[in-house]
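Top to bottom, those sequences are chains V and B. Going left to right, the first sequence walks through residues 1 to 271 as our numbering numbers them. Going left to right, the second sequence walks through residues 1 to 263 as our numbering numbers them.
Hint data in this document are derived by calculation from the structure and do not stem from the laboratory. Glycine residues also receive a C-beta, built at the ideal position from the N, C-alpha and C atoms. Check each hint, because a few of them may be wrong.
Claimed, not checked - One side only, chain B facing chain V, incomplete, derived with CB under 10 Å:
#1 Asn49
#2 Arg75
#3 Glu87
#4 Tyr88
#5 Glu98
To be verified - Taking CB as the label site, the calculated pair distances span:
#6 B:Thr239 <-> V:Thr16: 42 to 50 Å
#7 B:Pro36 <-> V:Arg10: 37 to 45 Å
#8 B:Lys141 <-> V:Arg216: 39 to 47 Å
What follows is the residue order along each chain.
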Amino acid sequence: MPVADRNGTRVWRRRTQAQSLFHWAIWLVGTAIFVYCWQMISEATTWFFVWDAPRISADIWTRATPPRWEYVTQLGEPIWDTLNIATLGTIIAICLAVPVAFLAARNTTPSVLFVRPIALLVIVSSRSINSLIWALLLIAIIGPGILSGVMAIAIRSIGFCAKLLYEAIEEIDENQVEAIEATGARPWQVMTYGIVPQILPAFAGIAVFRWDINIRESTVLGLVGAGGIGLQLQASLNVLAWPQVSLILVVILAAVVVSEWVSAKVRGAII
Amino acid sequence: MLRLENLSKTYKTGDQALKEIDLEVPEGQVMALIGPSGAGKSTLIRCINRLVEPSGGGAWLKDVELTKLSSRGLRRERRRMGMIFQEYALIERLTVMENVLSGRLGYVGFWRSFLRRYPQQDIDTAFRLLDRVGLLSMADKRADELSGGQRQRVGICRALIQDPDLLLVDEPTASLDPKTSRQIMRLICELCEERQLAAIINIHDVALAQMFVQRVVGLRLGTIEFDGAPGSLTPDVLTMIYGEEDWESTIRPVDDDHGAAAE
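This is chain B alone, in the form it adopts within the complex:
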């Protein structure tokens, strides 16, 4: 469904962040993108929705070539790609509801969005999503009153209300504690399964990635070093991606915590 061909990015400073990446993500697949800091993980997902302009190669979402789109066409395609951010990137001074509804900005006109007169259908969807992530009672709170985990749930709602085909997820758990991290990862993966969404999840935590995803891609210095099932991540593979280290304890299968399931 998503296809990257020879996608590369060289920044103005001369840093080659991505070197001719070829990647295909089929419909409904949740894929984790791992790799050390500076490997180009963030650049890769930002090149897909062109928050970062790729300097070469192409990206296709279904049959649309994203890299060739005009700004109007790009806006239309961005609606099909929900994005979730590391630091949540919520509009801090707006309410939870406004933040969720802002995911509909690509669909509603300027004045409707400016006057907050969203279609009732969107508002229904927003309530349903907030209920799904357990934040229904928070709808009227300002985003900056929420805890990290709650904020990330709002971020997830904002991405999902776009009704996307693909989720681009940039370090969703990097600012969260271990328990909340698992809950958020579980939520993202559950929602992807419910809606048959494909997702690319940038993540530092290899063990966490292994727990939830169907496929892991390892990035190092802008090239794909590993592409396979989470089970085939061996210490050798991790050494290849990250460099020499004792990996045995990292990839030990981790028990799921039952306390989190009740949430």
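Just chain V, with the same shape it has in the complex:
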């Protein structure tokens, strides 16, 4: 009992004696495991390389600066490809995610027993595999190039968008839906009047957020040959052209900053 009677005053503690002892033991075990793991990692590390790290990074830094600015003329097209991969991928993903979300939401699915598990499976399988791995698979299937990148981004994003959207659908105010049903509206009218206006802000937010994420993801897709600026990065890394690498990183940074700004603007305008 957290409340004990001591000389007539009732003393309240957060935990009983046994509970505090248990907590203390948990902390002890946790700390011991941490120390043990630290030691294991330390033994498996070649410390010579770690001590060497500052010198090496300084070395790379001097080789990488200044960036080779004239190389930027060759980056225009790849960064445009990257933006297109992200944008097209997001649009395709959203088109597919909307029906999946309606099938997965408990209050709109035609069948909780049969359809909903399938929709959830689609969401989980899309989310559980990284877009880089999707790209590797798709390159094997449809060959290297931008199309593989677009598809990889799209497949990866369906689950993300559908999951957030179906959660938004499940959180709507059922009163508004009832009110529309009570007018004698058809099911599709109930959806467009009772449900869609309620989830529209969430939908816009999700779409822009995912587009923002996809711009970052699509920059690396080129590493495995799925088009975009990653191809240039890969090529430059292979020949140790550090000034080019640093320029590519600057360009990627600029693209991400711009996308961040755009998505903030769009989100602000909608909500």
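Fit chain B to the supplied structure of chain V, relying on the hints for placement.
Just chain B, lined up with the frame of chain V:
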């Protein structure tokens, strides 16, 4: 016009919300349904338009047996039953006009409603109704910009544009201040009289009910305990419906406020 026979509802949890209700509401009668929370008032009116599926008995609107209808038939009959909600249940992100016009959804096709191409006749009616409730200048405002009383007026317009024979009104004043409550009740009852509409009004406020309606039905634990004129509500009757309490001050005749009449 509306007839309920042995209407009962047992929820999945085993709660018996309605126990074999028999009730008849003639044309043009405004009836108040009073009773403590959990007495089954909301369930009763939702069983009529089958937002809640009754588990036994029947309901007839004129000659149509509502409880036997297919989903298509039910949609057609729901057009004849306008519903007004406690928390207004407006589509918050749509405009006042869109909310009013949504009462016509049972009459217009999907694409017309989706593209907001309602027949001019409906739009005329919507403007006339908004004018009647004093919200003509608000037609273009979003529903979430309105005050509680204004929202409930939009809710009333949405129910009336259906051109119903019966109004189902669920706690219309529960979220409103006393003055607005009276105005809304007065508006509902006036409109019912203008259009010879029957109405079932769920209401907590016994004094308010007495002021405006022609008949009071008291519900307790899913059964009708009282059915009579508002004047015959005695402390004994209220004790029977709600339980022991000093009722004298509740049923004292209340003077109508004149400020509200100017609105």
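Output the numbers, in ascending order, of every earlier hint that fails for this structure. Every hint satisfied by this model.
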